[in-house]
Amino acid sequence: MGSYVLRRLLALIPTLLIASIIVFVTIRMIPGDVIDLMLSQNDIGADKRSREQLVQALGLDRSMPDQYFRWISAILQGDLGNSLWHSTPVLREVLNRLPVTFELGAMALVIGLLIALPIGVYSAMRQDTPGDLAARSFAILLLAVPSFWMGTMVMVFPSIWWGWSPEINYVKFSEDPWQNIKQMILPALVLGTSLSAVTMRMTRTMMLEVLRQDYIRTAWAKGLSERVVIMRHAVRNALIPVVTLIGLQAPLLIGGAVIIEQIFVLPGMGLMMLEAVNQRDYPVITGVFLVVGVTVMLINLLVDLTYGLLDPRVRHQ
Amino acid sequence: MNLSQSKQALRSIALAALLSAASLGATAQAEKPQYGGTLNIGMVYVTLSPLSWDPADWAWKFGQDTGLMYEQLFAADLNKSIRKGGKHAFVADSWLPSDAIRGELAESWKTMDNPFRVEVKLRKGVMFPEKPGVMKARELVADDVVYSFTRLDKSPKKIPTYFDHVDKVEAKDKHTVLFTFKNYNAEWDYRFGWGYYSAIVPKEVSDAGAGNWKNANGTGPFMLSDYVQGNAVTFSKNNQYWDKEQIAGQPYKMPFVDKIVYRTIKDEASYLTALRTAKLDVLEGIRWSAVEELKKNAPGLKWKRSVDTGGTFVAMRVDTKPFDDIRVRQALNMAVNKPEIVQQYYGGNAVLFGYPMHPDYAGYYETLDQMPVAAQDLFKYNPDKAKALLAEAGLAKGFSFKVQVCSCSPDHMDLLPLVAAYLEKVNVKMEIQPMEYGAFLSAMTTKTNAAGYLMRNGHTNPTTSIRKSFVTKQTWNPSQYSDPEMDKRMAATYLERDESKRQLLIKLMTRDIVEKAPYIWLPTPIGYSAWWPWVKNYDGELRAGSERPGPIHARMWVDQTMKKKMGF
Amino acid sequence: MTDTAELPSARSPTRHFFSRLIHEKPVGAAAALVFLLFVFCGVFANLLAPYGFNEINMLERLKAPSWKYLFGTDNLGRDMFSRCLYGAQLSVIIGLSAAALATTISVLIGLLSGYLGGKIDMVVQRIVDAYMSFPELVILIAVVSVVGPGMLQIIGILSLVLGIGGSRIIRSAVITARENMYVHAAQSIGASTPRVLWRHLLPNIMPPIIVLFTTRVGAAILIESGLSFLGLGVPPPAPTWGGLLSGSGRTYMFQGPWLALAPGLCLTAVVYATNVFGDALRDLLDPRMRGSK
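Chains as they are written, first to last, in this note's numbering: chain R, 383 to 699; chain B, 14 to 581; chain G, 10 to 302.
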């Protein structure tokens, strides 16, 4: 197990490098570079001289590889560069927004699992009964409504019917936990319920698979109670693809529940990315990517390690 | 009656009771201002976060973001507002009528000739508050003004030629600044006086890093106390602020509220909801399509409508065929049913003719019926004449052209197919090319935009409005309009000292440009501001400088009793 | 364990399948019908629509549903029923093509990675990891900005994003399946890899593939609607349901609720139908479930 962990950790590095190069280059391929944008903010025509001045001031006159290496070496010293527009350190800006996204993501994930797992298991156990049908219909319905629509309805209609709307003033959890939860709970619910739909169905499918397995039948035959059979054998193995799903949802949760953030006025990573791409703020984009990428890769690492825990057959490769 | 309706009924009753109580005896204006409370404001650009805290970044939004904290030499004289018996609405995005400019940090100023100079005497006793780690409390002095100007001038992001007319700026003594100019420039006070970039920022803040909001420190009525990027900017009261506000003849120490929060909310449905439930006290940029519903569901709100401070149009590249032929451009103008757009598309919430001069530009704006007939004809729906003109130009069979539009504007994405439908009737086909924001703007600045380009362009002020769009090679000139005569006339206008002569020159240039039709002129929409009645000393004024609402917001006060009685 | 139902029967396998569908999974059959109805509407939208999808008529703006305009009109006077029909065309095209492409990509990657294992698995998984750590948004905005908004581009990028994302599910199913005894049996008698993959592994991972495909159809339609909300979807006047819902549906939700209800219900109904049908299909096709209840 130990060597497995080590191998996976080392594998992160080339992945990160490949990923960083791809993003670094891709962003710069987008037409409409940052100089044009900055210059367009003014109302007087920019001549070549001012363009050059600006390019130099932003360090964009160096070649691409040169810029890339400067960026990488700065990162290794913990410096993610400064935003081209705000002149503030990217790292600081990212660290401000990360907790918002983490909190939203964690809450959504928990809510999603709380809804999905019991329903998924129940559905599999009582396959094709009205209960199963109802549960599946409910899940699919949740899936089928676009998140921005659910978010809009949750935001707008209570304000019309009861004169109430969710909190829009963001405070850190450490400063005022109650106010923080008040703002987060609704978006987390909306996000969580959409996630739960997919998870629920996967759970049900895999549970059904597992229930047919031979060792389950053996357990039945041995006379073990239903509950023990479920707990000890079936659930464990059905969890594998569910854990995969968590890994799959990580980028969404970390990198950009943009729509939810936009509707519920949450200053998270998703909105930051959107704004940065709009403004072609390269250091911010690449900095955010880096942080998100590292986080997601770590989560996926955990996912793979959990495979090893859950399915002994996987470990011994 | 559901719960919300009951609540509203109660609020209406409470409001009626309060108002009738207030009208007994003294008039509403004689209300004594209350101190305390918080104001949550959604400004005109509520979807945008602050761009920069450093004036040397030359960010157009600087005045809006920091206007409560950093002050300038001049600002609007709000006593000349309509609310106080004057005639100005203070809506223009970057213009102050010359009879409504007051000295903010300047106590007085006088102009001298040979060479053209302006001597500004600063107010005495204006203090920068103490900022731990940055500066001790101290008085504003002339050196601060000189320093601010020099820093701007030397910034790599400076707009070229912006200060070309300035020879030097010196501190004559502790409270006197002398500007020496190479020649007269009609925009001298706009460019460094009450403009976008004219904030006075102390050296200590620059040294500590002006780009970091934690270091920001100015002479204004409020101090920047918190900034959550993408969510809100919070300002706290500066107890040592120098100015007083006159209400009903009595001077009161300013400011009144304890906190002002500028909110950033990207989604329209969300910010309208925030207004509806009073999480926003003031919302400045409401689209006409949202007004009816808000009036129904939040009947307590007070409203102000104003013509949008941006012109909407489809620019046609006059350097490409067939738009180099004026008949074609005029024909397209006549082919679009603009009155119908005003009535049907905007539901009446638009003016037919509101650009390049804004209706509020007193002395510069001429109504359509004051314009020459040739210009008026461009705003009448006349598809037959359009076809005739096109035939004259050899295009009876019609033609097609590409039109770029920003996918970031839902209004424009709806408007363009409508315009296209009108043009189809005269055999002109539009190929609509939506572009994402960055790419869209960039097409214009690199002058690679398509033959057609639907955009909204801010009016700013009378001289800039024409200069930035119709002078050769300017950034905001998507039609690539170039007329050496016009360039000369523009240059002459800048040198003209007599304002009434300038007004005439600008009127003539405006008439000329409208007739030459480098754009398909489209109606200018009407925008709305709304606020809850407990917000006092305010009537929808929008700017007291170039995109600078700070002084207006700083004079507001909150009737907290009324707010509680209304259930908030 | 065999069952009499598997003995050669006089009826054709297809009819056999359909009768099973109707008898054992009536709800699934109903969902299939609903989905077919929408596909039909989409294919024949040009014939079925009473008006064009961009027939602007300012005098008829924001009219409530009536016999003249079954779903009412929007803020430019365009008939919503026609727009929804054309929207069906767009949404179904986008949904089906993106899902098909995506599933193919997922299966290829998942099979390769999961079955071959070892170094190939590691390399492929590294690339998948790298790709999957990108916030989807960056990729989507970047590509949309480079190639411009448009339907083909959206289908392409959706396939890529969904395909690579789905590969992990297939891979995990493959990993589990390949440990099964009949696969080992086939390998031990020396069957070639493609044969093993095609005859033994693939049939056993059909259920997750089918479920994946059906969820991808819905996901593609839903993601396009999310992109429309952010202003990056298929641009107007193209009447995708997502575009209608996030655009005029939201702006005029008070003046004209039908502007949101019509495309919203269509969208929800189609996504619902595909998923229910997919479930039914999976239940019927799962070989290990044949013979049990």
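Some clues are possibly wrong.
Claimed, not checked - Here are the simulated lysine to aspartate or glutamate pairs, EDC-like style, with alpha carbons at most 16 Å apart:
id, chain 1, residue 1, chain 2, residue 2
1, B, K317, B, E305
2, B, K279, R, D510
3, G, K34, R, D514
4, B, K187, B, E200
5, B, K438, G, D130
6, G, K34, R, E549
7, B, K171, B, D332
8, G, K77, G, E64
9, B, K93, B, D552
10, B, K486, B, D239
11, B, K442, G, E64
12, B, K100, B, D496
13, R, K554, B, D552
14, B, K279, R, D514
15, B, K317, B, D156
16, B, K520, B, D382
17, B, K137, B, D239
Worth flagging that the hints you see were computed from the coordinates, not collected in a lab.
Quick rundown of the hints versus the structure:
no. : hint            : result
1   : B/K317 / B/E305 : holds, 13 Å
2   : B/K279 / R/D510 : violated, 45 Å
3   : G/K34 / R/D514  : holds, 13 Å
4   : B/K187 / B/E200 : violated, 26 Å
5   : B/K438 / G/D130 : violated, 61 Å
6   : G/K34 / R/E549  : violated, 46 Å
7   : B/K171 / B/D332 : violated, 29 Å
8   : G/K77 / G/E64   : holds, 14 Å
9   : B/K93 / B/D552  : holds, 13 Å
10  : B/K486 / B/D239 : violated, 41 Å
11  : B/K442 / G/E64  : holds, 15 Å
12  : B/K100 / B/D496 : violated, 36 Å
13  : R/K554 / B/D552 : violated, 35 Å
14  : B/K279 / R/D514 : violated, 41 Å
15  : B/K317 / B/D156 : violated, 41 Å
16  : B/K520 / B/D382 : holds, 14 Å
17  : B/K137 / B/D239 : violated, 29 Å
Of the numbered hints listed earlier, those contradicted by the structure are 2, 4, 5, 6, 7, 10, 12, 13, 14, 15 and 17.
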